[in-house]
Every structure is written in C-alpha cells, then in structure tokens.
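Residue numbers (this note's numbering), protein chains in the order written: chain U, 150 to 432; chain F, 150 to 432; chain D, 150 to 432; chain R, 150 to 432.
Mixed in with the good hints there might be a few duds.
[To be verified] Lysine to aspartate or glutamate pairs mimicking EDC-like chemistry, simulated, CA-CA at most 20 Å apart:
#  : chain 1 : residue 1 : chain 2 : residue 2
1  : U       : Lys295    : U       : Asp325
2  : U       : Lys242    : U       : Asp395
3  : D       : Lys242    : D       : Asp395
4  : D       : Lys295    : D       : Glu258
5  : D       : Lys399    : F       : Asp191
6  : D       : Lys242    : U       : Glu258
7  : U       : Lys399    : D       : Asp395
8  : U       : Lys399    : D       : Asp191
9  : F       : Lys399    : D       : Asp191
10 : U       : Lys242    : D       : Glu258
11 : R       : Lys242    : F       : Asp191
12 : R       : Lys295    : R       : Asp373
13 : F       : Lys399    : R       : Glu385
14 : D       : Lys399    : U       : Asp325
15 : U       : Lys399    : R       : Asp191
16 : F       : Lys242    : F       : Glu299
Don't read these hints as lab results, they were simulated from the structure.
There are 4 protein chains.
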Amino acid sequence: MAHSDAHVLIVTCASQAGLVAAWSGFLFQSGANIIEINQHADLAESRFFMRIAFTADAPPDQDMLAAIAARFDAHWQLHLPRERQRVLIMVSKFDHCLADLLYRWRIGELAMDPVAIVSNHPRAATQAVEIGSIPFHHLPITRDTKHEQEARLQALIASSGADLVILARYMQVLSDEMSSALAGRCINIHHSFLPGFKGARPYHQAHARGVKLIGATAHYVTTDLDEGPIIEQDVERITHADTPEDLIRKGRDVERRVLSRAVNYHLQHRVILDGHRTVVFPD
Amino acid sequence: MAHSDAHVLIVTCASQAGLVAAWSGFLFQSGANIIEINQHADLAESRFFMRIAFTADAPPDQDMLAAIAARFDAHWQLHLPRERQRVLIMVSKFDHCLADLLYRWRIGELAMDPVAIVSNHPRAATQAVEIGSIPFHHLPITRDTKHEQEARLQALIASSGADLVILARYMQVLSDEMSSALAGRCINIHHSFLPGFKGARPYHQAHARGVKLIGATAHYVTTDLDEGPIIEQDVERITHADTPEDLIRKGRDVERRVLSRAVNYHLQHRVILDGHRTVVFPD
Amino acid sequence: MAHSDAHVLIVTCASQAGLVAAWSGFLFQSGANIIEINQHADLAESRFFMRIAFTADAPPDQDMLAAIAARFDAHWQLHLPRERQRVLIMVSKFDHCLADLLYRWRIGELAMDPVAIVSNHPRAATQAVEIGSIPFHHLPITRDTKHEQEARLQALIASSGADLVILARYMQVLSDEMSSALAGRCINIHHSFLPGFKGARPYHQAHARGVKLIGATAHYVTTDLDEGPIIEQDVERITHADTPEDLIRKGRDVERRVLSRAVNYHLQHRVILDGHRTVVFPD
Amino acid sequence: MAHSDAHVLIVTCASQAGLVAAWSGFLFQSGANIIEINQHADLAESRFFMRIAFTADAPPDQDMLAAIAARFDAHWQLHLPRERQRVLIMVSKFDHCLADLLYRWRIGELAMDPVAIVSNHPRAATQAVEIGSIPFHHLPITRDTKHEQEARLQALIASSGADLVILARYMQVLSDEMSSALAGRCINIHHSFLPGFKGARPYHQAHARGVKLIGATAHYVTTDLDEGPIIEQDVERITHADTPEDLIRKGRDVERRVLSRAVNYHLQHRVILDGHRTVVFPD
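Chain U extracted, bound-state conformation (with noise of 0.2 Å):
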C-alpha cells in the first residue's frame, strides 16, 4: 500500500511495555488517522521496530514526538508527506537495471527525483537508454585516480543534493571511506544471491557448480564488502542447459527486479536499518 498523502513516523528502541501506546496514543491526539502500521518485536535481541504510516491535516508536534522519544530511548525519523528523495544512479556498461529504474519513474511507480546519472564510462556505454534531461556525468577511474575520481563524486553528491546513491551495476568497489560516507543511503545490487557466489564472475561459478537457481541481492553498501544489510532478494530457475551468457540474460531479469524492489521499499520508508540487519515491511 503506498500513500503518497501519508506521513511515516520510524520508531527503534529497545523493547519495553507501552511503545505502541504512547505512539499510537499521541497521533491519536494530534488528530492524525493511521492508516498502516507495522511493528516487529525481535524478543531475541530484544529490540522494537516501529513504522506507522498516517493522515493529517498537519504535521504532529515535533517537540512532543521528541519527548516520547526520549522517554524510551528511541530513535525515531518523520517523513512528511509527497516528501521525494533526489536520487543519484550509478552505472558501469550494463544498463538494464538504470532502464529499469527511470522506466519506472516516469510511470509513477518510484517516488523519487532523479538528479544525476554517474558512470565510470562515456555516455555512449549506456545510450540505449534514454535519460531525457537528467543530468549525465562521467567520471572516469584508474587504480590511480580512485581518491580523486571519488572526491569528485563526493562533490557531485552535494551538489546535486542526492539523499540516496543507487548502485545499479556501477562495477567499482567504493573505498571504506566512501562507503562510510554513505551509510545508509546507499543500495547496491549484487548479480549474485547472497551469501553464494562472492567475488567476480559469479554466473560462471554457478554454471560449473551446477546450481539449479540464480539469484540477485539488494543491499547496503557498507565497508564490508558484499556484507552489507540485505533488503531483498530472489531467484531464477536455471538448467544445465543454460551457458553462462543464458545465465547473464535470465539474471538481468531478476536483478532489475529485485533492485527496484528494494529502491521502492526504501523511497517508502519501509526498510529500517538496525545494525547489521534490516527490518524491511514490504507493500
């Protein structure tokens, strides 16, 4: 369900009697209408995981939600409704995941603003697909110009204001310190099902070990590489028969979906990160 009229309020904490109370009891106060909430309890890790999506005429009082904030302890962020977040997209050769992702944002589907497309190669790597007046920049990189070429982007994410960075199919690794940089707000698509096939060529790996399914992972990039929190993934049934290009072909398929899945779940406030593990609450 997704309500581009709705505000979200994220709540984490630990968890302790009376959170779903005093929230719910506030918005109640504050004339707000729930109108979706999801809520998870890890007992294990005692922690508490809080989204609730709502109407109103105007915002609830910011003050008081940071004084029930603090009563519990908890994190907590406001999402103001038709809020969109300016997005900058990363991209290598393959272009099938950037196609995907500005098909779908110019149907509507992906609430967010598009403000840079990045790539380590000219334009004409990717000119099958068209970016209309988006912005295009190429930043090249050798093993030498890896700090300077990542200034520039670190430049170019300010400067263009972008919230979240997508890695799809962007084939550099970013360095720690980007990756920290970014924490959070920095999804990655990787051509592999997670854990499995780490490392480069993994549709070759697969076709000699056989495997009968292929699979993609979405996540955050985190200095850990191919580590970071997951937010979705799926997978695709193969044969002996397929080579590793057929294996290429049908994971396209499966990557664009499963990235834009989670670029969805993200724009939406649905994935809250809590250390190494997400809580996604899918539509």
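Chains F, D and R: place on chain U using the hints.
Just chains F, D and R now, with coordinates in the frame of chain U:
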C-alpha cells in the same frame, strides 16, 4: 512468529480514528506486553482489522474490553495462551493431506487436538496413514442418505466438541444447511487454482488447455460451492509433457502445502473473516 | 540455449516408430551437427512433436526433407540461421510491455526486427517510450470504424511484411476475421491468470475475491476470446493489503515478464502449435 | 512423464556428429518405440548427454549397444522396465524427510524398495514415523567408533543389496573412504542453499545476516564436504519476523520437497553425473 504463550486479540470494525491507541493503551495499562501487532485498514471499504499478540500474567479484564468494543461498535475475540482447537478431519480416498496434517501435528507444528477422522469410505481406503488413537468414523453416503449422513456428522461434531472441520480432500459436497452450520470453521482444499477450473477433474481440464501452472486453493466452506473466502493459494509449474496423472502427482504437493498453511493460519487466529473476504496475517 | 547460427527444424505428426532415427539420420548424412533436440510424444493423443537445432555448412536438401515428411505424413518447417522475424507491435495506453520489448530488442535479447508500432491512440499516449526510428501508426478505432480500421491494419501488416503481431496491452478485441487471418502469428498478453478472471477489470475482481496470487497469460489469438492456446504464464503473490491499484502495479511486472518470454520462445521456434494446445520447449 | 514400463538408455560421451542418429536408428531397427528423448550438448566442454526412454517387446541386443558405444567411445547404461532400486535410508533425529520419503513410496510415487533404515540414534528417536516391516538398524557412532560404525554400515549396504543410500538428515559426516565407496549412489539433503551457509546452524546464520530466502540442496555425496554435484535446489521466502525456530520449520518443507524430487530423478535415471556436474532432465 508463533508464540504458544501469547494471548491473541482480534478486532474488526468500521475505520475510525483512535482504534490502535485505545486498544493498545488499555493492554498497556493491564500490564500486557505486545509482541506482535498486525493491522489492516481497508480504505476503500472503510473497514479496520487488527490482531494483537501479547503476553500477560493474567488475561485483561473482559468487561473493559467489551466496553472499548462498544465504543467503536467493534467485533472482538480474545484467545487465551495454549488454547488448542479441537479438529475433525474429513477424508475420502486421497490421503496425502490427511497424512501431512497428522505428521505436522505429531512434530508440534500444528497446535491442534485431532478429535476425529471421518470418511465416507472404510478405514481400509486410507490405511497407509497411521492415525494412532484418533477415533475413525466411517460415515458412508449415497444420494439418498446424504441428509441422514450429515445428521450423523453434525452429531459427531457436537459430541467431539470440534472447533474446526477440515475437508482434507473429502470428495462430497456439503449441503447448504451443513455449510451454513459450519460457517467460518470449516476449511476446504480445492484441488485447483480458483477462480479457474471449477468443477470436476481440474487437472484434466488444465492439461487440455495447455496451462503452464497448476494450483490449489484453501478456503472457508460456504453455500457458494468453490466460492468461499480464500485463505491461501499456491501454484506449481508444469509443462506439456505432464500427463493428467503427472498433474495429479504434482498437485498433491501443492495441495498439502496450501492446506497445512491455511490450517496453521486459522489455528493461530491469523485469518479474519469479513463477509466474503479474508484478511490473512501470515506468520 | 539460444544459437543465432543454428538451423531449426520443426516436425509434427502422428506418433509412429522411427521418427527420431529418420530425421536425425538424414541430418547426419547431410553433414549437420545437432546441438539441441527436443521431442514430445503425446501418448494419449498419439501426436509427435520435435524441434532440432543444428549447425551445418549449408541447409539440408529441402526435397529430401519433404520426402521424409511425406513418408510420415508430417508437417515440417525449416528455419535458417540468423533469420529474424519482422514484428509489428500494437499498444493502447499502457506502455510497460512495449517499453520492455523494445529494451530487450535493443540489447540483443530478442532476435526480431520491429517494423511498426500501431496504436489506437496518438503517439502522445505512449511518449514515455523511446521508439527511435520505428514507424508509429495511429489507427484510431470506434465501434463504427472497426471494420475499416482493421482493413488498414491488415494493409499495414502486408506492406510492412510483418511475420508476427504482438498485442502488447492493445485494449481492442480483434474481429473474428482478423483473428483468423493472424492465426498462429499473433500473441496477446492477457492481464490475468487464465482460466480465471476473464473479462474486464480482473484486478478488481481478484481484490474482491481475496485471491492470494495474480497472474498473466501469453497466448495466441484465436476467435475464441481469452481462450487461445497458452504459451506462458506466471504469478505474483499478493495480500489483502493490496488495493486494486497495487495489483495493477504488481501486475505490470508479471505481464511484461510473461509476454517477453512468450515472444522469445516464439522467435526461437520453441512453440509448436497443434490445434488448441501448444508444446513449448523453453530455453 | 514417468513410464514404469519403459526401458531407459543413458549415453555420455564427447560431442561428435551422428550420435542421435546412430542410437535412435539402432533402437528403431530393434523394434523399439521412443517415448521420450532428452539430450544435452555442452558446447563449451564438448560433452554429449542423452537419455532415451522407449518401449520394446524385448530389450535391445546388448552386444550391438556395446558396439555402437565403442564406435563413439561412449559410456552407456541400459535400465530395464520395472527395475526398482533397493534403497537404504539414513536418519538421525529429524524425521520429516524420512516420513515424506516413506509416504511417497507407499502411495507409489517413488519406484523404490526400502531395504533398511539406519540411524545413529535408537528407534525411539524417530518413532513418530511408521516404518512398517522395513528393518531398522541402530548404528550408534562416537568419534572413536566412526571407523567401526562405517564398517558395519558398509556390511549392511552389501548384505541388503542397497543400490542407493539416502542421507535423510543424517547428521554425521561420512569418511572419505565411505564417500568414495558410495560415489554416485549416495544422495544427501543439505539444509541450506549451496553455495552459501556451509557448516553448522545455517538457519541461525541466515537469521543473523537478514537473508530473505532460505533454501535446501540435494546433492551426491563426495569427499568434498558440502560440495558434491547438485541434483536439485529450492528456496522459501522468509522475513525479519522469522526466528531461527521459524526458519527451521519453514526449512523442513523445502528440505523434504527438494530431497524427494532429487530421489525421484535419480530413481528414474534422470540425473547424469559427469565429473563434478550433473545433467538433470526433470520429469
């Protein structure tokens, strides 16, 4: 998440402000600890559905619950921890669903007490299934004795104190009287994806039409044959090479999977029936 | 396994001994190298279907093939390597299938030549989709002009030399004459799982019935509306929380996936049409 | 398509011209009627694999088959109709796979003869499973008695004439000697998606990593622990709300489904083992 030591409160009413706050506030004051809350606001129909699982030293005051319900004109139910439903299972000759239900019950997956197995065929027809000490009742039926047989069945349901009747590939259509008497507490597995191949021999129909997926549907029984509120569905991929016999074999897997999930959801009070629709909060 | 440099031989006839031996023996003597053989013997109907993909320096002697076919009273077709079908795509206002087909064509996934895009709406209705230099034809239609519009369409099919017509969410029903004229070379995507919700607004029907899976069906168009031979189907899991709008959104994904698979199978001669049924050898 | 009255011929060799023609030609001359032919040409590795199911009044002349095989330097096997493999099933404490295999055997889904059930625990550990008259052998094992226990196991395999050993959640690692002795005729169900969470407690690992799908893998046992040739895999969708206990429960369903499919493929000679890879022709 299944919690055998949790209370479960179910609430259904018209959408209105303050619902979550009122119920969760009362539970908090009663000393309850909410471990799972699922809510669904059907905005088109202005209907509200909630399931709250909570632990508490003692059940909350039922008069108070009734008072809150009265305020919202709500329908409510409170289920106590470790409450186990008494279940009567009906079967004809195909015993894969019966075998699966009993196995899951034996290893503790289904929190139910089987109080009777009823068949329109003698015990010999399903003798491959070990039923231990569960009473087996042979209630044969012919066109002429249907009324009489159902009277015996109803007596058995009454005397065994069965809360739930499971039609585990019972191949007789219940009369309208019987269906009405069991409204909301009789689950059928339809060996087809509904809507779709209603009526007899769906796998032969599927083969003739060249469909690529077969399915199964678990639903509550109503007087509307094959049209009862749907609890769970699933499909299995098939090909032109599958004979009707192959489809029957592959169908068994999806039938037993779908039925056992539906029964589990029902036993955990995860299904809210509202007119012709169901709200299902899967575990 | 797709081999752009392979010949494909399709054979359909009554089941009889010696079929595989005769055809494969002849191909061997002709110097062909079989790289993929798919065969289906429908024992109930006594029908035999075979697809052989092979490489060869030159095409096998067609007179000899005809002679073998005559011996078995077989229907046969030989498709040469790198043969690309000319494709005419029809669309109304929903352009997700069109966009997907064109993207897959651009990156080389679909071995076809799009020769025309036809819509009953002006170009503006689908302008989000980049069509490059493919001719766009606006053929408006009203109840009164249906006959006339189809005449123009048929002229266009003839003049463009289209081998295949794809109804990519074209929301007009073809007349019986048109359907017959395009028998076996017109693929439709039905935005529903068939059999099931035939007719209008299937997603609203699905929502009302509380079904747990929605699907899509790609089939050849026949005069039997929504009953043509099925090429491919797939489903997506849904819940009570999905509004009809959510179902439409989720439906788009399964529709475009199913249609592109079906088109790919057709283009690779992996679908054998036999009366009302299809034999599909997936890649 | 399962045909209990069919011969099955398996051929493996280097890719070369004339293979299909030679074998199918000979079968035709022998009066055989081919009902199913599956072939796979691995073009990258230049390997050829074929499975032919055929009916015939009498088995084809084995000297002639050997002569054809010699011509192509092919490995071949002929399996006679109604041949049933003798199967020894090993289990520890989790009995869901054992229960499932025996149920499928009883209703005729698995064409095998269970000749022994072996456990490292006493019969009491799996007493919920009805084993009828199948001999049960308790072969306890400790670190010190592993060699000895495996000697007893090997004696039992020999005396019972077991063709196939199924590790149905047998929680002991076979020694290298034992694994080698059973090469190609011992199937294990790994309670995880491989590659992925190797080693102990995969469901706890999956929960900690926040993965969204859990799986199971059926493979032939080799000396390479968890790395044997894969026969079948499948997955089940999970969420953050699933505790490790929930994952274990959901895992049982996918484990038993994957193992029974793999066993069925093996019994029908639908799996061709070639070095480290498998070619699987599903029914």
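Hints, verified against the model:
{"no.": "1", "hint": "Lys295(U) x Asp325(U)", "verdict": "holds, 12 Å"}
{"no.": "2", "hint": "Lys242(U) x Asp395(U)", "verdict": "holds, 18 Å"}
{"no.": "3", "hint": "Lys242(D) x Asp395(D)", "verdict": "holds, 18 Å"}
{"no.": "4", "hint": "Lys295(D) x Glu258(D)", "verdict": "violated, 34 Å"}
{"no.": "5", "hint": "Lys399(D) x Asp191(F)", "verdict": "holds, 18 Å"}
{"no.": "6", "hint": "Lys242(D) x Glu258(U)", "verdict": "holds, 16 Å"}
{"no.": "7", "hint": "Lys399(U) x Asp395(D)", "verdict": "violated, 26 Å"}
{"no.": "8", "hint": "Lys399(U) x Asp191(D)", "verdict": "violated, 30 Å"}
{"no.": "9", "hint": "Lys399(F) x Asp191(D)", "verdict": "holds, 18 Å"}
{"no.": "10", "hint": "Lys242(U) x Glu258(D)", "verdict": "holds, 16 Å"}
{"no.": "11", "hint": "Lys242(R) x Asp191(F)", "verdict": "violated, 46 Å"}
{"no.": "12", "hint": "Lys295(R) x Asp373(R)", "verdict": "holds, 18 Å"}
{"no.": "13", "hint": "Lys399(F) x Glu385(R)", "verdict": "holds, 18 Å"}
{"no.": "14", "hint": "Lys399(D) x Asp325(U)", "verdict": "violated, 37 Å"}
{"no.": "15", "hint": "Lys399(U) x Asp191(R)", "verdict": "holds, 18 Å"}
{"no.": "16", "hint": "Lys242(F) x Glu299(F)", "verdict": "holds, 19 Å"}
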